[in-house]
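Asks: Letter 241 of the sequence shown, counting from 1, is numbered 241 in my numbering, and no numbers are missing.
Be aware that a few hints might be false.
Dumping the calculated DSS-like pairs for lysine-lysine here, alpha-carbon to alpha-carbon at most 30 Å [what the hints assert, rightly or not]:
(1) 90 <-> 171
(2) 328 <-> 345
(3) 171 <-> 361
(4) 338 <-> 100
(5) 328 <-> 209
(6) 100 <-> 175
(7) 338 <-> 361
(8) 338 <-> 328
(9) 90 <-> 338
(10) 177 <-> 361
(11) 100 <-> 171
(12) 361 <-> 90
(13) 361 <-> 345
(14) 209 <-> 90
(15) 100 <-> 90
(16) 177 <-> 345
(17) 177 <-> 100
(18) 328 <-> 171
(19) 175 <-> 90
(20) 328 <-> 90
FYI, nobody ran anything at the bench for these hints, they're computed from the structure.
Keep in mind the model is a prediction, meaning the values are calculated, not measured.
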Amino acid sequence: LTKSGSVTPYRYVCYVHERFWFAPMLDAGLVLYLALLALFIWRWLSGWRLCGAWLEYANYCALLYFVLLVLLIAAVIEFIQTAFEADPRKTWHGSPNWLKYLVLGAPGAACITIAICGFQTSQHVAEIRSSRATVMHDRAVQIIALPAVYGVMAMSSMARIFCITSNVAFKGAEKSKHEQIEQLYISKSETCFWVGDLYEAWALYQFGKMTLDLIRSSIRRMHRSQVREDRERADPLLVAHSAVEAIAWLGVTLFLLVCISQAGWSLYLLTFTGPIEDYTEYNNQIAQFGAAGVVASCGAIYNVHVVESTFHMYFEGYRPLLKFITVKVIVSFAFFQKGVYFSLKAFQETLPGTAQRIIGKVPLIGTILGLSDNNFELFYDALILYECILIALLHIWGWNAYEDWYLEEDEEEEGERKPLMPEKPALLPNSSETA
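Start from the sequences and build out the full structure, keeping to the hints where you can.
Replies: Have a look at this one:
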């Protein structure tokens, strides 16, 4: 509690977390994790139509953006509330001036990202409603939502870190509890990105499924070709495609399962096991998932890249490399940026004092290396939010809703839309009746 008796949302969560196991249910990462599981089931049950009726506002895509919008509004409100309550001189003391403006402008970047993704999604939804290449557009909208999902999770993460760097999280708490509160906020911040990685794995799965289906459709068209040479080449290609597909799904599926397990286990420990007194064991368990995630991610990326590079001649207008980049660029940015930072930080610590001071004087790089751990996390979250805008704009170019390849669906995959019993031809009237 503050002296005026008011309670901020973050401090309320920390206060209640010590007494009630259900307090972390308010956590953004947990809400989105459960929402994604529920929407997966709803998509499997209904898709875009339920009993033939078009789901205008109850389809899984509209519900996903509704959840994202609610989480974004909640994170922005908490961020603004923290900014007004904090002491600016203490919050930004010792940090570069540009960091303040970078962080304060990040909520606007999150809003721009979700607006761009929502607009592009509406174009694909219009195609789905017109029953044009429904399956392909359905997979495309799930990929297009990736920057919005990652951006909202980055905004939620930044709101938690900002609460620590501004010392608002520690107001009204005993000094002995400060470290525990800081670890709780950092853990919840990291979990937000793990939920984002989960959706990224799902987007990669959808991209792989779309790519392999297009290859199969192209080979089957060769099999139905009037040219004998094309028909002879098609049979071994179908066999090779089946083998490559099985291998590709191994890496992608493992990556998806690792992301589900990592985010789920972290949320379980933070939600249902009560307050964590010592975060050493928690960090060790999560580190194991992190190592497995890196290996599985590299395997999944390599498998999809092999498929794209091997069968690239069977795509017409699909531009698989561009689309592959738009799917993987977010996590690539995340791993690359943090990896470079920690590598440079470790290298700097091995140098003598004079060399360290020289590196510290290097413009921008020296400033970033000189940031405290929490200020770097604040900078990193804000940077991801601005990068999500660039990725959303790249999606507009890479996932245009009106490209011709969407209509290249395999006739054999249209079986679900064909009647089980063919219609009987109308009987012609006989000559006597005519007479």
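Asks: Each hint should be assessed against the structure and marked as holding or not.
Replies: Going down the list of hints, with the structure as the test:
1. With a C-alpha separation of about 13 Å, the suggested pairing of residue 90 with residue 171 holds against the 30 Å cut-off.
2. With a CA separation close to 26 Å, the supplied pair residue 328 and residue 345 stays within the 30 Å bound.
3. For the hint pairing residue 171 with residue 361, the CA-to-CA distance comes to about 35 Å; that exceeds 30 Å, so the pair is violated.
4. Distance check on the hinted pair: residue 338 and residue 100 sit about 20 Å apart at the alpha-carbon level, within 30 Å; holds.
5. Of the pairs offered as hints, the one joining residue 328 and residue 209 holds, with about 15 Å between alpha carbons and a cut-off of 30 Å not exceeded.
6. Restraint check for residue 100 and residue 175: satisfied, since their Cα atoms lie roughly 27 Å apart, inside the 30 Å limit.
7. This hinted pair checks out: residue 338 and residue 361 have alpha carbons roughly 21 Å apart, not beyond 30 Å.
8. In summary, the hint linking residue 338 to residue 328 is supported, as the alpha carbons are separated by about 16 Å, within the 30 Å threshold.
9. Using a Cα cut-off of 30 Å, the hinted pair residue 90 and residue 338 holds, with the two alpha carbons roughly 26 Å apart.
10. The straight-line distance between the Cα atoms of residue 177 and residue 361 is roughly 36 Å, outside the 30 Å bound, and the hint therefore fails.
11. Annotation: proposed proximity of residue 100 to residue 171 holds, straight-line Cα distance about 22 Å (limit 30 Å).
12. For the given pair, residue 361 sits about 24 Å from residue 90 by alpha-carbon distance, which is consistent with the 30 Å threshold.
13. Between residue 361 and residue 345 the alpha-carbon distance is near 14 Å, which keeps this suggested pair within the 30 Å criterion.
14. With a C-alpha separation of about 51 Å, the suggested pairing of residue 209 with residue 90 is violated against the 30 Å cut-off.
15. Restraint check for residue 100 and residue 90: the C-alpha separation of about 12 Å stays at or below 30 Å, so the hint holds.
16. At most 30 Å may separate the alpha-carbon atoms for a hinted pair to count; residue 177 and residue 345 meet this at roughly 29 Å.
17. Proximity of residue 177 to residue 100 is assessed by CA-CA distance (about 27 Å); at most 30 Å being required, the pair is judged to hold.
18. At roughly 40 Å between alpha-carbon atoms, residue 328 and residue 171 are farther apart than 30 Å, so this suggested pair is violated.
19. With a C-alpha separation of about 18 Å, the suggested pair residue 175 and residue 90 falls inside the 30 Å cut-off, and the hint holds.
20. The hinted pair formed by residue 328 and residue 90 fails the criterion: a straight-line CA distance of about 38 Å is larger than 30 Å.
Violated hints, listed in ascending order, are 3, 10, 14, 18, 20; each of the other numbered hints is respected by the structure.
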